[in-house]
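Undergrad: What follows is each chain in one-letter form.
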Amino acid sequence: MKWARMAAIGFLVLVSAVCLLAEFVAPAPYAHQFRDVPNAAPSRQHLLGTDDLGRDRLSRLLYGTRVSLFLAPAAALLSSLLAVLIGGTAGFVGGWVERCVMAAADLFLSLPWLFLLITVRALLPLNVSPFTSVVITFALLGCLGWAGAARVICADARTLCSSDFVLLARASGNGGFRLLWRHILPNLKPVLYAQFWISIPVFILTEANLGILGLGVAEPLPSWGSLLRELENFSAFSAQPWQFVPLILLVVVVSCFHLALQKQELSA
Amino acid sequence: MRKLIKHVARIVTVLLLGGFLGATLVRLAPGFGVDEQELDSRLNHESIQALRRSRASDGSLAEYYFHYLNRLLHGDLGTSRTLQQPVRQLLAERFPETLESVGLGLALGWTLGLALAIAPVMSRSWCVDLLTSLLAGVLLCFPAAVLALLFVIAHAPARLVLGLIVFPEVFRYARNLLEHSASLPHVLTARAKGLGGFRVLLWHILPVAAPQLLALAGVSVSLAFAAAIPVEALCDLPGIGQLAWKAALGRDLELLVNLTMIVTMVTLVANTAADLITNPLRRSAA
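From first to last, the protein sequence lines are chains A and B.
Per the working numbering, the first sequence starts with residue 1, numbered consecutively.
Per the working numbering, the second sequence starts with residue 269, numbered consecutively.
Calculated directly from the structure, the hints in this document are not laboratory data.
It is possible that some hints are incorrect.
[Stated by the list, open to error] Label pairs and their computed distance ranges (CB to CB):
(1) B:R339 / A:N233: 28 to 36 Å
(2) B:L367 / A:R158: 34 to 42 Å
(3) B:A330 / A:I9: 52 to 60 Å
(4) A:A7 / B:G518: 40 to 48 Å
(5) A:L167 / B:E331: 31 to 39 Å
(6) B:R339 / A:V37: 53 to 61 Å
C-beta atoms are modelled at their ideal positions from N, C-alpha and C, and glycine is treated no differently.
Chain A on its own, in the form it takes in the complex (with noise of 0.2 Å):
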């Protein structure tokens, strides 16, 4: 499957890159109003038609697509920093911080995901800029979603520690942060790698969620949430099938995150 995994990567590079240059590519700013054209078919002027409101609909798909395409990645960098933070030190130091961060880890994993993100999310205010929406939105995937990576990491840096090289490091006159540092950090690489490609999928799909719900990014900048909120709207008298593109740009671009993660995942 490795010509899957190389197709894969190959797409994701296409739409990042696609996505990276929207200011060129699209064809009018993401909250451009054509007042004359609402709900406009696709045409050569608006190659996806526009929405209700007279936005073209390419221009928000590809600036929602970089949102959700960007921000998700840097979500999960956040939670996987946390993760070795946390689970690393934890593993690291043993006794009764282990099991103190390890309880705390088993709290955050025994609350219902999307229910502890609608809870943390409603405590901050929802009227708020766009700007501030999208740093908010991604922050808490950011924040809240350690937990698991942090106990693999707890557990993987316990193994190590108590293995043969950090032992001879240790001999060595080798302690406290060099060996973390120097012994330890080195040898988590592939699990955090994989926590990180594993994490953004995730983060993807319940920024979608989020969105739909109303919970993510403010209008008028565009997610892949956002946009696919539009569906609500669909009805079979009205049918706009272009309307389900971002659905399948995004079911297609979570599809190659799974397959461009498989190879990670085995080698951690």
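Take the given structure of chain A and dock chain B to it, following the hints.
TA: Positioned in the frame of chain A, the structure of chain B alone reads:
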């Protein structure tokens, strides 16, 4: 018995800690202690002072948590700010709806997941394996809210959505487990001795995989409850998922924290039950 007591103690500790965490978050949230009623121009100075005095008892975090726990122990879960109804009454009305949806979703998800996981292992056909993996893989890439919306568009029964969310998770895990169990030496020996496929599955493959599958059953309860939020909110099912969504939009934090704690308790009980059943099974398998 000792194991049961240990599990109950763990649940109580997690709930107390979770309650404290929830109370802390509510207490520290922007807007705590501010009441829109104070802006009502019809209220005189005394009424506003009375409103402020009624909130003064929750001055510090410790006091707030103490009052919260005290109310909780007396069965008073507070009043929903947005719906102006006691939380207990709201839960009594809506919990059965969610339990029914979650129960049906779990039954459907597990039936489909296990059946489609067993099919490629027993048939040993790459075609069946590819088709079932593809189906589960595609469903895994759909956000729960989108599946709910698609069911609304198609006028399909909304309760089935939860089954489609649970199914790929069960399938993925069960398939790997059964595949591993089917490749164990004792299974190969049984096959070589001429035992039928059904008998091999029932007597030699499933007992080995059963403890882990039961552990997954506990986890799938949490998954189904979490997915109930978008499904009930978008399909207009009056359960606690929809209640949680309304509470989040209205920033009804007390209601949200109570809901989260109750769902956490249900999932913890499910995990504990799975754990208690799994341990004897593991011992007998060993």
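Undergrad: Each hint: holds or not?
TA: Hint by hint, here is what the structure shows:
1. B:R339 / A:N233: 28 to 36 Å: Distance hint for R339 (chain B), N233 (chain A) is violated at roughly 42 Å.
2. B:L367 / A:R158: 34 to 42 Å: holds (39 Å)
3. B:A330 / A:I9: 52 to 60 Å: holds (53 Å)
4. A:A7 / B:G518: 40 to 48 Å: holds (46 Å)
5. A:L167 / B:E331: 31 to 39 Å: violated (51 Å)
6. B:R339 / A:V37: 53 to 61 Å: holds (56 Å)
When the structure is compared with the earlier hints, violations turn up for hints 1, 5 and for no others.
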